[in-house]
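K.L.:
Sequence:
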Amino acid sequence: MMAIQDLHTYEVNITYVEAAEPVRQVIDNELPSREAQLMTLENTKEFDVLVIGGGATGCGCALDAVSRGLKTALVERDDFASGTSSRSTKLIHGGVRYLQKAIMRLDLEQYKLVKEALHERANLLEIAPHLSAPLPIMLPVYKWWQLPYYWVGIKAYDLVAGSQCLKSSYVLSKSKALGLFPMLRKDKLVGAIVYYDGQHNDARMNLAIALTAARYGAATANYTEVVSLLKKTDPESGKTRVCGARCKDVLTGKEFDVNAKCVINATGPFTDSLRKMDDQEVTNICQPSAGVHIVMPGYYSPDNMGLLDPATSDGRVIFFLPWEKMTIAGTTDTPTDVTHHPIPTEEDINFILTEVRNYLSSDVEVRRGDVLAAWSGIRPLVTDPNSKDTQSISRNHVVDVSESGFVTIAGGKWTTYRSMAEDTLEAAIRAHNLKAGPCKTVGLVLEGGKDWTPTLYIRLVQDYGLESEVAQHLASAYGDKAFEVAKLAKVTGKRWPIVGKRLVSEFPYIEAEVKYAMKEYACTAVDVISRRTRLAFLNVQAAEEALPRIVDIMGKELNWNEEKKKEELENAKKFLYYEMGYKARSEQLTDRSEINLTPSDVDRYKKRFHTFDKEKKGFITILDVQRVLENINVQMDSNTLHEILNEVDLNKNGQVELNEFLQVSSFPISFIFFDIK
Numbered sequence: 001m002m003a004i005q006d007l008h009t010y011e012v013n014i015t016y017v018e019a020a021e022p023v024r025q026v027i028d029n030e031l032p033s034r035e036a037q038l039m040t041l042e043n044t045k046e047f048d049v050l051v052i053g054g055g056a057t058g059c060g061c062a063l064d065a066v067s068r069g070l071k072t073a074l075v076e077r078d079d080f081a082s083g084t085s086s087r088s089t090k091l092i093h094g095g096v097r098y099l100q101k102a103i104m105r106l107d108l109e110q111y112k113l114v115k116e117a118l119h120e121r122a123n124l125l126e127i128a129p130h131l132s133a134p135l136p137i138m139l140p141v142y143k144w145w146q147l148p149y150y151w152v153g154i155k156a157y158d159l160v161a162g163s164q165c166l167k168s169s170y171v172l173s174k175s176k177a178l179g180l181f182p183m184l185r186k187d188k189l190v191g192a193i194v195y196y197d198g199q200h201n202d203a204r205m206n207l208a209i210a211l212t213a214a215r216y217g218a219a220t221a222n223y224t225e226v227v228s229l230l231k232k233t234d235p236e237s238g239k240t241r242v243c244g245a246r247c248k249d250v251l252t253g254k255e256f257d258v259n260a261k262c263v264i265n266a267t268g269p270f271t272d273s274l275r276k277m278d279d280q281e282v283t284n285i286c287q288p289s290a291g292v293h294i295v296m297p298g299y300y301s302p303d304n305m306g307l308l309d310p311a312t313s314d315g316r317v318i319f320f321l322p323w324e325k326m327t328i329a330g331t332t333d334t335p336t337d338v339t340h341h342p343i344p345t346e347e348d349i350n351f352i353l354t355e356v357r358n359y360l361s362s363d364v365e366v367r368r369g370d371v372l373a374a375w376s377g378i379r380p381l382v383t384d385p386n387s388k389d390t391q392s393i394s395r396n397h398v399v400d401v402s403e404s405g406f407v408t409i410a411g412g413k414w415t416t417y418r419s420m421a422e423d424t425l426e427a428a429i430r431a432h433n434l435k436a437g438p439c440k441t442v443g444l445v446l447e448g449g450k451d452w453t454p455t456l457y458i459r460l461v462q463d464y465g466l467e468s469e470v471a472q473h474l475a476s477a478y479g480d481k482a483f484e485v486a487k488l489a490k491v492t493g494k495r496w497p498i499v500g501k502r503l504v505s506e507f508p509y510i511e512a513e514v515k516y517a518m519k520e521y522a523c524t525a526v527d528v529i530s531r532r533t534r535l536a537f538l539n540v541q542a543a544e545e546a547l548p549r550i551v552d553i554m555g556k557e558l559n560w561n562e563e564k565k566k567e568e569l570e571n572a573k574k575f576l577y578y579e580m581g582y583k584a585r586s587e588q589l590t591d592r593s594e595i596n597l598t599p600s601d602v603d604r605y606k607k608r609f610h611t612f613d614k615e616k617k618g619f620i621t622i623l624d625v626q627r628v629l630e631n632i633n634v635q636m637d638s639n640t641l642h643e644i645l646n647e648v649d650l651n652k653n654g655q656v657e658l659n660e661f662l663q664v665s666s667f668p669i670s671f672i673f674f675d676i677k
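Number 390 in UniProt numbering belongs to position 390 of the sequence shown; there are no gaps in the numbering.
Be careful, since some hints might not be right.
Below 20 Å or equal to it, Euclidean Cα-Cα: the simulated EDC-like pairs (lysine to aspartate or glutamate) are [unchecked claim]:
(1) K573 to E562
(2) K254 to D107
(3) K248 to D78
(4) K155 to D78
What the hints contain is simulated information worked out from the structure, not anything from laboratory work.
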């Protein structure tokens, strides 16, 4: 994401959106613990509203309800944002491609969707300025006739935004486009169009909504699963009504009832499974679609500009965006089954890489080994269950109230979570005759945003002695709560930085964040590496490296025994392996070529590997090989040696790991220099 403090470069206009009425924050200090929240859920006689689902929409519903004065509860079977809401493209956008459909098909519904989303984009940038920022996105043009075509569409996007337009789009010449995006394919490039959308830290934005709801008095609990819905017969109408839910604390197994006048189903891809708890005969209204994204090194994109490929080889749209000093590329759009643990496939990863190669200069070698993380998110699209073309489906949302009064919100997209929540609560209030005030969430500042300023990080550096990079990260991730994190930071014992020990050297995440994560209801190591910090989404190997220390810190705070710590470590590694692309990466390493060595040969070559890896780095470089060859008086042209090693340097980072080394050893040419006693 582009640095917040650099935004003045673009003269961005973020429309100020004022709340309907000021809402007093009920809890100014530390939030109630998860245990305290569970006690509130169990012991409250009856809530006005119980929300099921801790994604963006569910947390938005809880915040909308509690800010209207309703007694509110929220339960989530996993962690906040553990599903689709943390696995997005990280954009806050109106949907420029939806506007194209609206114009081409004269589709009023699509137009309304874009109009609504652009309003919500402005609101989100206002209420969480630390977690979001405008981002210029370049649309390269390779045919002259496309220039006016795309220009009209992008200008229409600006016009629909009206006063909430972040900044006017503009046209770039070929030379200026290449100056801003040097990696762009030069051949036949005519020019480019640049437009503006928003970008955010999706998981932490979701968490900010949940924490804000809790701060206003909502009883919110993650790792609390709905086992069944509670029902009773209405004495007046004689109809059966949903009146709460039987819940289970996933961490302890304890079950309890939560009674509520109204129950809202905001479970995203799992919408239909909850609806079937209410009525087994109900027809499905959701068709899930999988969207895969990959993360690559930051040098693949400029720090402050994204790229949009409007027409991929199969008609999809690919974004190529800077985020957290890395580069996100995606997405795919494929019908899928609903699962709690979606896995990115090698096929989808390679599709994205192929599309990236099509738009980058041939001088830039796009390598499979540069994929540092990958994930699949399941979009909860509302559609005719017989339709298979998910690309033509609108991201409109649907609010449904069943005969038993069970309220369901389905569909929509991240950007419009707030308006979706407003529509849901309006329907719930009407259906259940709830006594509530008007919606107050427009302009309601989220956790961390109240006293945030673009220069807040400087105070962190000056007051606590944090590294500037770490301070900037804390300010953008936690807003004005960054000072609470800094207070937990331990002295480094160095001259500089004074405090703030990093979890891994190449990322600005510090140990104090692990302690603070538990105050934000983190219960597992996966919560920390994927949603409190974003390490798993940025680099799976770095996340794995940080895990032992994270588990150790959490273990001390939560009194975990050795068995529990081992379990947490294994679960987190499993998460990285399957859900964050480590499996696909590992298969790429092991399946590239077969190793035709006997067990005794493997042992012998392992010893040779360690001869080269004198410093025990876990990998060898061309310098290591040259050093050993010189010691045994073997002469080899450096170019030849480089070519041999490059064949099996699957990561293409100049570092050959043991598995790759064994592949070298199985090549016929290996006898030239690996016959070392």
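K.L.:
Compare the structure with each hint and give your call.
P.N.:
Here's how the hints hold up against the structure:
For the proposed pair K573 and E562, the alpha carbon gap of about 17 Å is at most 20 Å, so the pair holds. With a C-alpha separation of about 50 Å, the suggested pair K254 and D107 falls outside the 20 Å cut-off, and the hint is violated. As the CA atoms of K248 and D78 are separated by approximately 11 Å, the hinted pair is consistent with the 20 Å bound. A distance of roughly 42 Å separates the Cα atoms of K155 and D78; the hinted pair therefore is violated under the 20 Å criterion.
Consistency with the previously given hints fails for numbers 2, 4, ordered from lowest to highest.
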